Amino acid sequence: MPQSVKDLTPKTVERIPNGTVVHPDQPTKTKVTVKEGNWVFKGYDKETQTIDGQDVHFIGKWVLEEFTKPVKDVVNESRTTINGKAVKPRETLTYTVEYKNTTDQDREVTIKDKIPAYTTYVENSADNGGKFANGEVTWSKKVAKGDSWKVTFKVKVNDDANGVEVINKARVADGVLDIDTNPTNNPTPKKPVKDVVDNKGTTINGKVVKPGETLTYTVEYKNTTDQDREVTIKDKIPAYTTYVENSADNGGKFADGQVTWSKKVVKGDSWKVTFKVKVNDDANGVEVINKARVADGVIDIDTNPTNNPTPKKPVKDVVDNKGTTINGKVVKPGETLTYTVEYKNTTDQDREVTIKDKIPAYTTYIQNSADNNGKFANGEVTWSKKVAKGETWKVTFKVKVNNDVDGKEIKNIARTSDGVLDIDTNPTNNPTPKKPIKDVVDNKGTTINGKAVKPGDILTYTVSYTNTTGEDRDVTIKDKIPEYTTYVENSADNNGKYTNGEVVWTKRVAKGETWTVTFKVKVNEETYGKEIKNIARTSDGVLDIDTNPTTNPVPPTTPKTPLPKTGNEATNGIYAGVATLLAGLGLALRRKRKDEE
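Residue numbers for the sequence shown follow the numbering used here, so the first one is 1397 and each next one is one higher.
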């Protein structure tokens, strides 16, 4: 017992007559505050005694009582206590400290409260003149003996409060006490964790994936709240992927492009679910992004996202000398084509890239036309370069269309390899016009090009045009009547118009169709030793060219010489013989002269 309490013991009273009923004197103070608490006088063991020839004694009882400690609490916006309850990010918490002066006098009281980790102080929220500085709120006040004083302030739970405990306590000093309050504790839910792994179980979040690859998605939930929880996890199948049938574990149900799991998770337990998808073939330079949503009665939030870039398929193109794309357009012999290959690195890192491009059939490489140090060898151009992540690399080379390309398609494909993909580009395709075909046939339809004909023969000329240009064409065919012949009236088919020694046809010819036109001529009389030549001209908006020529020789023929009319048949015979001889000599001389020439 402290001396300050002992000093309150009443003095001894002497010489009290026998028979006197005496009462004990009360101490001048019934409460004495010391560091350890309050010494409180509870009374004497007897209320009275009678003097009977001997001393009487009264025994006073003092009890050391602890101070009423300051009380810390945390409440929600409804002022309901939530100490020990789960709270979530962005929730506002109100902290209270209540001090009761149970000492023996008025007290100068100071309360200090540090803002708890994972929270942010709400500006100007401290009441009772509380001052916020350096992460701490401080209050000061003189509190009368027996009075209570309550202070409050607010914080907001940070977004990074992930499965941690928000703990708070204040410190109170009143000149006797300098102690911490009880702590408050609020667990926060742990944000569920999303991941994506390969078929070996290795995490590949952020790594490049390619079409046809199987990805396994995982969602892990840990119950860090204050009680068991009914948990629902929902996960939508990411774009550019297809769900692998029956791959969801833990009773996951797949419907309408989403997998759903439900389970009661015990406080403190973890729960992990998985499912699989296959990357679609159309995943071309896009990101495969996935996140799940988890609800447990406290939180209803998205997981972290996972992200897998996919390689972009290189793009092949063909352009003209103005740089305009002509893929799918008709080109003609002698035309220069510029081929381009564009590679974009949409993978997760820098890549060593090789592009190879074979020179297309029916074309010839233009020497030194490959840019970016492309090397031409064995009919192929090869480029190599390290392409930084996110960068684009474009290469080009030139070819010239060969003269022998006659209605063929000029196709080109490059191949690109970057360590992830080793694939062909899209193809380019350029149709070429087919040269129209000229022919001459007899009355049986048999070709007689190059064969001898004679005066009076009927020749049928044909022109056949095939539209290999890739689109419908307005075609005009013009054919001049060959020399030494006469047009047979109304013989031109397909509405051919004959004017000024020429037949003209016009028609829209569909892509891929063939159009054949004909007309007839008669070989003129007295046409000997001549060649009958014919060429038509065709125009379709791409080509304006002559057909191949047809040729029909007319052999020389000697006409019969009439004999003079006399009565001497012998003389006539002589004349005939001389004429024959002279004709023979003439023919011999002519042949000799030709030989000399």
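Rather than coming from a laboratory, the hints here were simulated on the basis of the structure.
Just so we're clear, the structure is a prediction, and the values are computed from it rather than from any experiment.
Mixed in with the good hints there might be a few duds.
Each computed BS3-like pair below joins lysine-lysine, with the alpha-carbon atoms no more than 30 Å apart [what the hints assert, rightly or not]:
#1 K1586 / K1659
#2 K1725 / K1708
#3 K1687 / K1754
Tested hints:
1. K1586 / K1659: holds (17 Å)
2. K1725 / K1708: Distance of about 25 Å is within 30 Å: holds.
3. K1687 / K1754: Cα-Cα ~44 Å, so violated.
Of the numbered hints listed earlier, the single one contradicted by the structure is hint 3.
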